[in-house]
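Student: As you go down the protein sequences, you meet chains A and B in turn.
All letters in the first sequence, in the order written, are residues 2 to 112 by the numbering used here.
All letters in the second sequence, in the order written, are residues 1108 to 1219 by the numbering used here.
Since the hints were made in silico from the structure, they are not lab data.
Cβ coordinates follow ideal geometry from the N, Cα and C atoms, glycine included.
Certain hints may be false.
Claimed, not checked - Footprint (simulated), chain A over chain B, 3 or more residues, beta carbon under 8 Å: (1) 1151-1162; (2) 1209-1216.
What the hints assert, rightly or not - Not everything, but these chain B residues come out facing chain A in the computed CB check (under 7 Å): (3) 1148; (4) 1195; (5) 1206.
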Amino acid sequence: SQQGEEDPQALSIQEGENATMNCSYKTSINNLQWYRQNSGRGLVHLILIRSNEREKHSGRLRVTLDTSKKSSSLLITASRAADTASYFCATAYSGNTPLVFGKGTRLSVIA
Amino acid sequence: ETGVTQSPTHLIKTRGQQVTLRCSSQSGHNTVSWYQQALGQGPQFIFQYYREEENGRGNFPPRFSGLQFPNYSSELNVNALELDDSALYLCASSSYGVDTQYFGPGTRLTVL
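Looking at chain A on its own, in the form it has when it is part of the complex:
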């Protein structure tokens, strides 16, 4: 079963704009991770945020986590055509437990 739900399901923006994707989940977690997937291939790990963290940055990525609302957001600033991909949030209860993924957001960045 899917734990997380990403919103929106699809997003289309112009190059240079910011893209925001949201993720909601159902149960308590140890950490939340965001992955990118290009054209139905393997997943690339983007960023991990732990349950005791509220915000994290990595390059053009900014992730927030609100455990009281059981939600997270991923912001990609100054988007590029190469950012076109599907983005998934995944939750984990500990370091050894399986990742539970949402259905993903399909991002299209138009040059």
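Add chain B to chain A, keeping to what the hints say.
Tutor: Just chain B now, kept in the frame of chain A:
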């Protein structure tokens, strides 16, 4: 590039056949997890192997089985293939107890 490799890239089988998918983990990683991703869905956990033993299993029937070898590479076997088994199969390697998993490029299985 994560250093995780999978073979084959694509595979076509008919209903009722058996299939074996292979995964080589990233150097230094001792844990392999397998996921099934149906079209338009997020990956779903099948099982995890650590030290050659199954270390957790998702909601998949027993005809999905696996192995892990002493070099930490792994196989996923599916018997009595069904049409719904058509999906992208992803393996991910990690170090036990570490949160981040590194995914391979996947094997696209089509069951006709």
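Student: Look at each hint and say if it fits the structure.
Tutor: Structure-based check of all given hints:
1. Residues of the segment 1151-1162 of chain B lying with their CB closer than 8 Å to a CB of chain A number 5, which satisfies the three-residue condition for coverage.
2. With 6 residues bearing a CB less than 8 Å from a CB of chain A, the segment 1209-1216 of chain B meets the requirement of three and the coverage assertion stands.
3. The beta carbon of residue 1148 of chain B is positioned within 7 Å of a beta carbon in chain A (closest approach about 6 Å), and the interface hint is therefore held.
4. For residue 1195 of chain B, the suggested interface contact is upheld, since its CB lies about 6 Å from the closest CB of chain A, less than 7 Å.
5. Because the smallest distance between the Cβ of residue 1206 of chain B and any Cβ of chain A comes to about 5 Å, under 7 Å, the interface hint for this residue holds.
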